[in-house]
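*Asks:* Same order as they appear, the protein sequences are chains A and B.
Numbers 0 to 388, taken from numbering that gives the first Met the number 0, label the letters of the first sequence in order.
Numbers 0 to 357, taken from numbering that gives the first Met the number 0, label the letters of the second sequence in order.
Treat the hints loosely; a few may be bogus.
Here are a few chain B residues that sit away from chain A, every Cβ distance over 12 Å (derived from the structure) [as the list claims (entries may be wrong)]: (1) Glu41; (2) Ile81; (3) Arg204; (4) Glu357.
Just the calculated beta-carbon pair ranges, DEER-fashion [as the list claims (entries may be wrong)]: (5) B:Ala195 / A:Gly78: 53 to 63 Å; (6) A:Gly140 / B:Glu162: 50 to 60 Å; (7) A:Pro303 / B:Val134: 53 to 63 Å; (8) A:Val230 / B:Asp201: 54 to 64 Å; (9) A:Glu277 / B:Glu300: 52 to 62 Å; (10) B:Ser118 / A:Thr124: 24 to 34 Å; (11) A:Gly249 / B:Glu231: 39 to 49 Å; (12) B:Val33 / A:Pro303: 31 to 41 Å; (13) A:Ala19 / B:Asp201: 44 to 54 Å; (14) A:Gly78 / B:Ala228: 37 to 47 Å; (15) B:Glu231 / A:Gln256: 32 to 42 Å; (16) A:Val230 / B:Leu250: 29 to 39 Å.
Residues from chain B shown here face chain A by an in silico Cβ test under 10 Å; the list is partial [as the list claims (entries may be wrong)]: (17) Ser58; (18) Ser84; (19) Phe92; (20) Glu105; (21) Ala269; (22) Asp271.
Since the hints were derived computationally from the structure, they do not count as laboratory data.
A virtual CB, placed ideally from N, CA and C, is assigned to each residue, including glycine.
If you want the building blocks of each chain, they are given just below.
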Amino acid sequence: MGSLGERTAVLGVGQTEYRATRGDVSIAGLVREAALRALDDARCTWLDIDAVVIGKAPDFFEGLMMPELFLADALGCAGKPILRVHTAGSVGGSTALVAASLIRSRVHRRVLTLGFEKQSESNATWALSLPQPFSVSINAGAGGYFSPIIRQYMARSGAPELVGCMVAFKDRRQALLNPYAHLHQPDLTFDQVVEAPMLWDPIRFSETCPSSDGACAMVLGDEAAGDASEVPVAWVHGTAMRSEGNNFPGRDEVSPQASRDCAADVYAQASITNPRAEIDAVEIYVPFSWYEPMWLESLGFAEPDQGWRMVEDGSTALDGGDLPVNCSGGVLSSNPIGASGMIRFAEAALQVRGMAGDHQVDGARRALGHAYGGGAQYYAMWVVGADKP
Amino acid sequence: MTLGWSAVREVAVVSSAVHQVEALTFTPDVQLMVPLVNAAREAVGITQDDVDFTCSGSSDFLAGQAFSFVQTLDAVGAVPPISESHVEMDGAFALYEAWVKIQTGEAEVALVYSYGKSSPGSRRDVLAAQLDPYVVGPLWPDAHAVAALQARVVLESGAATPEDLAAVAARSQRKAVGNPNALRASADATVDGVLAEPVVTDPLRPSDLAAEADGGCAMVLAAGDRARALCERPAWITGIDHRIDPQALGLRDLARAPSAAMAAERAGAAGDRIDVAELHVASTAQAIVLSGELGLTDDVEVDPSGGSLAGDVLMAAGLVRIAEVARRISSGTADRGLAHASSGPCLQQNLVCIMEGE
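So here's chain B without its partners, still in its complex pose (with noise of 0.2 Å):
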């Protein structure tokens, strides 16, 4: 049983720094995250010293090397010693176990940080060691392969046409203009553009699929007073919650999400109207999927930077919308938010983290 929400401490998101590009190729991890890690720190005015908590996000296999976080918590600067954990997973779940510390009281202020490059390695066949290495790994079915799958359930589900997948393409594309972070935008991208490309995977067209970057996020995370007296508009975060499927692909209806539909119940996400979400998708059919699942409604201003669709750092794109949201929220340009987060194929394990404005 999970407790409820009136134990809760007040934990906020007061900086984050985010950057990704198409290709790295000689930009080691932590050069990487010098900056950001700096950038995030400085725009609150603290240093190392001030952080009780340091948590990141990475994965050895798009590193091509094991134990590879090693060498990037350089980045952060560990002398003398820290408080310091790390996952192997998404960012956003980097913060979630930053969260978890904060609630402990055993920290007021956390560093959280996430990378990836996809670009030295072929990132969708990369993804195919994610499967179960018995019976699916050994047929190497890659990433597109396993998206399109799902994009096929999704149409012959009756939940969307071949023009809502390009709707959704399209939308991003113009969003993602103004947004420096943006690998794939336009502001003439149209429905006719969308389905006027090649089908890479059928029934997938290459706007369909995430536009794979390298990248990284960095954030701060504070709690209460502390964050008050960082930021003029914190993100406070009033809900959080990460739940996960079974991964085989036999066994689960791919037009359906039920962990994200758990994830933003236990997150509180129906409580109040939301402004904007961020959502973190292999695919526009994933897209499609989340909106029922997450319950976003058509007043609700989905992808504002575009989404991951527009530029996906592998591990840290979860990070990445958490900190698109939190942005907003701290601009004043919205009040109530949602970010969201996945991982594993066909959107198994999902996050939902609803930030607001005071």
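One chain only, chain A, in its complex shape (with noise of 0.2 Å):
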């Protein structure tokens, strides 16, 4: 990055279990159990933390307005700053990325930052089915609204039909490598992915991704603490947000501007001009099976409309893949939405510190996190790295 700002560290990471019902805790319990185990892992208190950084998705999810309010306490807030970023799907990522602002900024010195998603306490489907005067809605769900570009993508680049599933049943293998995956199907086999009830065609139900609670929380640090970590941190070396409008003229709405844009100022700031190359591990954003290979091209991983051929050749498994693709499990198989981005940021911290367990992808040393939201609107990404930029 550019010699302006201050250098950025990923100190600690802190997550939950993620699981379809976490009744055991309210979700001040919920957000509380990751920042702590963020502190913990950054070897810091409530003390060393200068400000709070918090996202999720819609607040209808919960049925809470403006949940940092009454979280500020739980959070260790008070007296300290705290700002709720909502940026769609891609709120984890945006959100991390407001805090790694604050340490460049030098506004603040070590920043702590969590999104979650407690899905059971509210009903999702009702929170994005709310009627709205002079609309009609199609209530079809984020499939309903995907499913017809991951159509075009197919059409446009001759993939094989079952290229999804095999997408799907590699993320679901390797989510057994992750303990707080929230999906853990030991005895899934190929066929039964395949045989899965259609949903929205081409997406079958085997093919989405679950509904979770959850959280994740990092601490993000500037040089000094950096440098003093008695633990390894990933440094960031790059990051990037875009937007663009969900309608105009030649929109390509497989792989959106706003995401080519977003990749190629990231990998500007790490110098990176070869992304498959250059990059160790990946961890993308894809609630659908099939977002594998379209964004694969959209961030420069593959050649237009070729992606495809790296998940049916294997390229991108963690098992003899050259580029290990979701190793935690991904989206696929745990999905507490305002915290899904921060999680895929959060696991290439962790693969460049070598702490992502079993799910470790070997020697590390470069790492994208991705997320999306809205309809393929929004974006956020980082390339971290184990060096010192």
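Using the supplied hints, reconstruct the complex from the two chains, each of which is provided in its own coordinate frame.
*Replies:* Below, the structure written as structure tokens:
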């Protein structure tokens, strides 16, 4: 990154177990669980934290308006600044980036950032389907919105029908190596993935993300804090956010310009010219299986219309691939929506810290964290590395 | 630990546009914001291509729709794609995020906007959804009841009398005369007139409660010489800080707002004399609390626009306070001003922005 700003390090990561229902904790208990684990990992206490940046998806998902007000206490915020970010599905990523900007600007030295969702407290389908004046709801959900775009990708790339199933099977296998993952299906077979009910053609039930409760937190620090850390840190090599309108003539919905611009920006900051060769691990936001090959192309890991070949030849698998994608099991295995983007960013950091446990990519030095949201309109990305930039 | 102000980059408010009325019944949010965003950009002769970072604030609970801000993005024109962020907070906090972004060196010019429409629903009831969802929210104490609880504590603490509250209300109404965005203005407003009003929620009368409005605000920020080139007299942000207190009403002394005092101190409010201050309050009692916490002396002109008591757009009222102070500095009627924004029940979260002319 440029010489103007402060170097930023990920000092600690904390995650809750992701489950369909975390009935054992309140919302405050859930976020505190992730925050305390991040503080422990960073060898910090609440007193070391200057500010908190929290993100989550729509407030209707818990029926709690601006929950940071209620949660300030649980997050040790009395007398501190707290910011609440909301940028649709990319929110977990953009929340981390706002926190990083507080370090980079030298406004603060240590910032706690956290994303969460407790979908079991409310009803996401209700929250997404509130009637609006003068507009007809199609009640199709996110799958109904994205399935025509996936069809468009399949048509223009000529990808075989079962590539999506391959992605889903890979991510569910990799989730078995991540104790925090929501879906643990040790007996799942590829045939079961293929034979699952079709929800929104071409998206099968087995190719969609679950609905999860969970929280993910990180402690970010300045250069001095990173240098002083007793445990390995991840250094931030680049950060970028982009947004574009939902509807305009000529919009490429399969590989939106905002996605390509965002990737170009973050690679330029990290001095990356050949992402496939220079990045060792990737955590991308894949709520529906087909988004893995689509984003591989948009992010420059594959030529246009060729991303599906990387899936088919196993390049994106932790076991034997040269560009392991979503070793944590990804969004397809855990989806606490407001945290899902931050989990991608945090898992990228864990990889370059060498702390990803059983789903560690051997020798990972640089990793990409990615999140998107809205009608594939909102993007947040960061590149983190084991070496100080 | 927070670093000293010596590290900060000069940032100024160079233009703003505000619109607030009682109800925008047939105006969607995006339609409300198109003219305001255009006005703020055109006032300094820029287009979206000149904007390095855009940040907005709004609430899904007001819009009655999840991801409501996605549609409002069309008011900016995010084609080609832009670097952009959104907070589910008052626009004053969006301004803070933009200020931070400029501090990183990654942006020179930023667009900030926020908006809210209370009229489609019952705002006083909606705000109960901000409270502890397990032990307070289910009792559904509405916003007027919570404000009255605080006002009662303020009166019983001896910090103010009912006449003092009425004086704040009457002052707001008199000053609001001439403000086209004010909903409640009267050149003849008096303490006796306010005290003659029936009590709505004891001890508060209608004039003690902020006048609910629909509307929005857009603003352009710029750094250093860029600001000087865009604006004859930029309103330089010489200090900005925000802090929060725990929410639980029973754990707080509601006659105090420690986070407001901290934010004012960290923003350097006491560094020099303050000509004008604009306060974001839900009630007259909150204005009394803030006057103490912010250290406002008798020579400070408080709420020259009438303040949020005269017109309160939920999610934008804090940003509007910044716009009102910046406008007075740019026009030369003030040299140094304080703008305050708040969020949550009983002044739980507070932001203080100090602006100065050159």
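*Asks:* Holds or violated: is the Cβ of Asp271 of chain B closer than 10 Å to a Cβ in chain A?
*Replies:* violated, 22 Å
*Asks:* Go ahead and decide if the range 32 to 42 Å is satisfied by the Cβ distance of Glu231 of chain B to Gln256 of chain A.
*Replies:* Because 37 Å falls inside the window, the suggested range holds.
*Asks:* Is it true that Gly140 of chain A and Glu162 of chain B lie within 50 to 60 Å of each other by Cβ?
*Replies:* holds, 57 Å
*Asks:* Mind checking the hinted window 31 to 41 Å against the Cβ distance between Val33 of chain B and Pro303 of chain A?
*Replies:* holds, 35 Å
*Asks:* So does Gly249 of chain A sit 39 to 49 Å from Glu231 of chain B, Cβ to Cβ?
*Replies:* 40 Å Cβ-Cβ, so the 39 to 49 Å window holds.
*Asks:* Arg204 of chain B: least C-beta distance to chain A exceeds 12 Å?
*Replies:* Label holds. Min Cβ-Cβ 27 Å, cutoff 12 Å.
*Asks:* Hint says 24 to 34 Å; check whether the CB-CB distance for Ser118 of chain B and Thr124 of chain A agrees.
*Replies:* holds, 28 Å
*Asks:* Is the hinted range of 54 to 64 Å satisfied by the C-beta distance from Val230 of chain A to Asp201 of chain B?
*Replies:* holds, 57 Å
*Asks:* Is the shortest C-beta separation between Ser84 of chain B and chain A less than 10 Å?
*Replies:* This hint holds: Ser84 of chain B lies near chain A, its Cβ roughly 6 Å from the closest one there, short of 10 Å.
*Asks:* Using the Cβ atoms, figure out if Ala19 of chain A sits within 44 to 54 Å of Asp201 of chain B.
*Replies:* holds, 46 Å
*Asks:* Mind checking the hinted window 53 to 63 Å against the Cβ distance between Ala195 of chain B and Gly78 of chain A?
*Replies:* This hint is violated: roughly 41 Å between Cβ atoms.
*Asks:* Within 37 to 47 Å or not, the Cβ separation of Gly78 of chain A and Ala228 of chain B?
*Replies:* holds, 39 Å
Violation of the numbered hints given earlier is confined to hints 2, 5, 21, 22; the remaining hints are satisfied by the structure.
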